[in-house]
Every structure is written in C-alpha cells, then in structure tokens.
Amino acid sequence: MKKKTKLPLILALVAGLIISGCQQNQRQEATDLLYDSKKEGELHLHKDLVKEIISSVPNPVEMSSLLQKAGVVYSQELLNPAGNIDNYNTNFQRALNLGVYGTNLVYMNIYDRTLSTLRYLSNVRDLASDLRIEQFFDYKTLNRLSESSRNIDSVLFITNTGFDNMARYLIEQGRSNIAVLISAGTWIESLYTATHVETMPGNRDFINMRIGEQKKVLDNLLILLHPYREEPGFNWLFEDLMELKKIFEDVKISYVYAEPTMQELNGVLIVIDNSKSEVIIGDDTIERIANKIAKIRTRVIG
Amino acid sequence: MKKHYILLSLIFLFAFSGKSFSQCGEPLLKNCHEKIENARFLRSWPIQLPKQARGETLPQVSFKMPLTSGNTYKIFACNDDQLPGKVIISIRNQNDDLVVTSFVIEQGRHISVIMFPVAMSGIYTFSFYFENGEEGCAVGVVAIAE
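From first to last, the protein sequence lines are chains A and B.
With the working numbering applied, the first sequence covers 1 to 302.
With the working numbering applied, the second sequence covers 1 to 146.
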C-alpha cells in the first residue's frame, strides 16, 4: 500500500527533473530591444537612408578575400570562441555577436575550413532565433553544403543573401537598432581580424592601407549609432567607437581620379581603373587602432 | 465541349501571357547565381521597372555599395527574357564620375559581365534601367573574382 502512495511522488520528481533539464538546455529569453526605442522621426534618419548606410558597411567577404590575397595564414585563435554564446543573455549582446559569428563564418569559409563551421553556423542560427529573425537562413541546406569545400560559393550566397534580407526586414519592422548592432559587430570583427593577422612584412602595407580606408566606414557607423548613444549598452559602444574615430583622424586619404579604359575579352568587359587612392597611415596609428579595436571587441564578445 | 473551351482558354492564356513564364524574382536570381562560377557572391539586386510613360523620366533604381581597392569585382546582368526590357548597369564612383556602363553605345550592344579591378576604395553607385525605357525584370549580381 505504501509503495502505491509513493509512486505518484516518484513520477512527479522524475518529471520535474526532466522538465528542469529541458529548461536548462533552452536559451534564455531576453526582453531588451524587442522594438526600436526610436520612432522613425526621432531617428532623424529615413529608413531608406539607414538601409543605404548599412549597405555601405563592407561585407566580411571583402576583408577575408583581401587577407587571403595578401598571403595571411588562417588563425583559429582570432575567432570568437563558439562556447561564448552561452554568455549572451541580452538582445544587445546577441545582435552584436550575430555580426561577429557571421564574420567568423565567412572567414572560415574563405579559408576552406568548412568542417569547422558547423558550430558557428549553429551559433548564428541560435542568435538569429533569439532575435526572432531565423527565417532568413536555410540552415538545413547550409549544414549540408558545409560538408564540402566545393560548396563555398553557395554557402556565401545563402549567408550573404540571408544577412541582407535580414537587415532590410529589421529596418522595415522598426527594429533598426538590431540591424545597426549586427552591422557594428560585423565591422568590429573584420577590423579586429585585419589588425591582428600575421603576414609577410611585404604585404603589411597593403593590409594597413585597407585598415586606413575603414575611416569612412566608421564615420557611417557612428551616424547609425548616434540616435541610440544614450541608451544602455549603446552608450559605451558609441563612446568607444568615438575614441577610435579620434585615432583614425591621423589617417590621410587622397583620391586622384583618372578616366578608366575598357577592354573586351570573351564577352567580358574589363575595366582598367586608372584612378588611384593614397592612404597615409603610420605604424604608430596602426598599433593604436589595433589596441583600441581589441579592447572594444573584448567588451563585445564578453 | 465545355472542356474544350477551358482547354483552349488555358492554351491561349499561356501562349500570350509572357508573365506566366516569367522568371522574375527568385528563379532569375538562382539562374544568375549559377553564372558567377568561381567568384565569391557578395550582393544581388532584383530589378523590376515599368515601361517609361510618355513625358516621364526614365524609370531607374540605384544602390550603393563599398568596393575595396585590391579586389577584382565581377558584375553580372541577367534579364528575364519574357519581358522586352534589356537591363543596362552603370557604375559611378563616390565623386559621381562614370566608371563603366554595360551598354556599348557605338555598337548598340549589351555586355552581361563586367570585370572591375578596383584601384580606388569607396562607395560606388550601381544604377539600373532598361534600354529605351521598356518594361523589364532583371537581376544584378556583384561577386569577388578569386
């Protein structure tokens, strides 16, 4: 008789343990930044302008391709460790690190580290899901494609299209704050990678010039962040990037335009760009940029 | 007899409505993507514009994107052949100087692939319109050549 009375209690305990185990595996729901705190009028930026400025932030494929071209060796240590995802409990952190992990994913793909991408792909999926924007990635296809380095282009196609559509959707839905943070995370990670890679001394100047050219991109990012600068999280990010901007003031960029010439080969029109851009950036400035972006990135990835 | 009418109506509808077979949108993007081969996909823009109305300006759309010195870009123009318009892409640098257009005026010929090794980093403007202001649907794709 006693056994019979204990059974429901045991069952309830077991059920409780199972439910609690399941809950531990679930990601915490965050309530910050679900909606943009600023109405379009308050932003002083029209939606189309936000879209335009966001699309002026270079795609991570650009920097990774340049690094590869400059003979930079792949370094896993430069990535945000995949396990850090457990530390991101606010939508502010999640949006920034969606940009960071997305950039890591591109970097790995460009360097043919396709098999290592699976964990990062799952992080991108989880963060996008936390932010309720997971519909823009076909993860099943991406997972399948990631099994072979021959599919890199298709992976980049799905990833880049996904990120572009996601940004457009967020802006249209009045969630520009999240779109801006994803872009900021992408840019911070790209600049961190470029300033911390090791390469042959002969290629260093080429990379340094590309770093110097980020001056204009930073100006654009600050335009996007400015309306949010007094909000929690945004405030330190804005202040830190303003300090970085001060360092970038030492970078001098000049353009000399010359009319391009054309050549046609097998139906392809080849543009011979006769224009030149000159970027003057000292080693000391590079070092200060590298140190500052490393500090900002440490705060971002936690 | 009624069945025959329905069948004939369907045949008529499919034969004379170009839009029924239109690739516009996702299928056109996928077809265009296949053309980029070994290049690395960066961005695409779907373009759909109405026929230019009499007395109105030429319908066109423009997008901005950064291009980086040291990278060679491949720009693809893909048309939906079911519509009369043939897309023309023109690219301008950040000082608004015309860099290239996909239409060879002297020969009245369209180029579907442009290769652009960039020497001056900056924000470039990609404008799309259709020859003679015809109605058209197209996709513009930008990729980095390896």
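Because the hints were derived from the structure by calculation, they are not lab data.
Don't be surprised by glycine CBs; every beta carbon is placed ideally from N, CA and C.
Incorrect hints may have been included.
As the list claims (entries may be wrong) - Computed cross-link-like contacts, EDC-like style, restricted to lysine to aspartate or glutamate with a CA-CA straight-line distance of at most 16 Å: (1) A:K295 to A:E239; (2) A:K276 to B:D97; (3) A:K245 to A:D205; (4) A:K47 to A:D164; (5) A:K69 to B:E146; (6) A:K216 to A:E52; (7) A:K215 to A:E243; (8) A:K246 to A:E278; (9) B:K64 to A:D153; (10) A:K215 to A:E134; (11) B:K35 to A:D153; (12) B:K30 to A:D250; (13) B:K86 to B:E135; (14) A:K216 to A:E243; (15) B:K86 to B:E146; (16) B:K64 to A:D138; (17) B:K64 to A:E243; (18) A:K292 to A:D250; (19) B:K30 to A:D48.
Stated by the list, open to error - Reference listing, derived: stretches of chain B covered by chain A, where coverage requires no fewer than 3 residues with Cβ under 8 Å from a Cβ of chain A: (20) 38–52; (21) 55–65; (22) 111–121; (23) 126–132.
Hint by hint, here is what the structure shows:
Distance hint between A:K295 and A:E239 is fulfilled; the C-alpha atoms sit about 13 Å from each other, no more than 16 Å. For the hint linking A:K276 to B:D97, the alpha-carbon distance of about 14 Å falls within 16 Å, and the restraint holds. As the CA atoms of A:K245 and A:D205 are separated by approximately 21 Å, the hinted pair breaks the 16 Å bound. At roughly 15 Å between alpha-carbon atoms, A:K47 and A:D164 fall within 16 Å of each other, so this suggested pair holds.
Taking the CA atoms of A:K69 and B:E146, the gap is about 9 Å. The hint holds against a cut of 16 Å. A hinted pair counts as satisfied when its Cα atoms are at most 16 Å apart, and A:K216 with A:E52 qualifies at roughly 14 Å. Proposed proximity of A:K215 and A:E243 is supported: the alpha carbons are some 12 Å apart, at most 16 Å. Distance hint between A:K246 and A:E278 is unfulfilled; the C-alpha atoms sit about 20 Å from each other, more than 16 Å.
Between B:K64 and A:D153 the alpha-carbon distance is near 23 Å, which puts this suggested pair outside the 16 Å criterion. For a cut-off of 16 Å, the pair hint linking A:K215 to A:E134 is broken: about 32 Å separates their Cα positions. For the hint linking B:K35 to A:D153, the alpha-carbon distance of about 11 Å falls within 16 Å, and the restraint holds. Taking the CA atoms of B:K30 and A:D250, the gap is about 44 Å. The hint is violated against a cut of 16 Å.
A threshold of 16 Å between alpha carbons decides the hint, and for B:K86 with B:E135 the separation of about 9 Å falls inside it, so the pair holds. For the hint linking A:K216 to A:E243, the alpha-carbon distance of about 15 Å falls within 16 Å, and the restraint holds. Distance check on the hinted pair: B:K86 and B:E146 sit about 28 Å apart at the alpha-carbon level, beyond 16 Å; violated. In summary, the hint linking B:K64 to A:D138 is not supported, as the alpha carbons are separated by about 26 Å, beyond the 16 Å threshold.
Among the hinted pairs, B:K64 with A:E243 is inconsistent with the structure: their alpha-carbon atoms are about 27 Å apart, more than 16 Å. Pair hint A:K292 plus A:D250 holds up; C-alpha atoms about 14 Å apart against a cutoff of 16 Å. In summary, the hint linking B:K30 to A:D48 is not supported, as the alpha carbons are separated by about 26 Å, beyond the 16 Å threshold. For the segment 38–52 of chain B, the assignment as covered by chain A holds, since 7 residues bring a beta-carbon within under 8 Å of that chain's beta-carbons and 3 suffice.
Restraint check on the segment 55–65 of chain B versus chain A: 3 residues with Cβ-Cβ distances below 8 Å, three needed, restraint holds. For a cut-off of 8 Å, the count of residues in the segment 111–121 of chain B with a CB near a CB of chain A stands at 11, and the three-residue condition holds. For the segment 126–132 of chain B, the assignment as covered by chain A is violated, since 0 residues bring a beta-carbon within under 8 Å of that chain's beta-carbons and 3 are needed.
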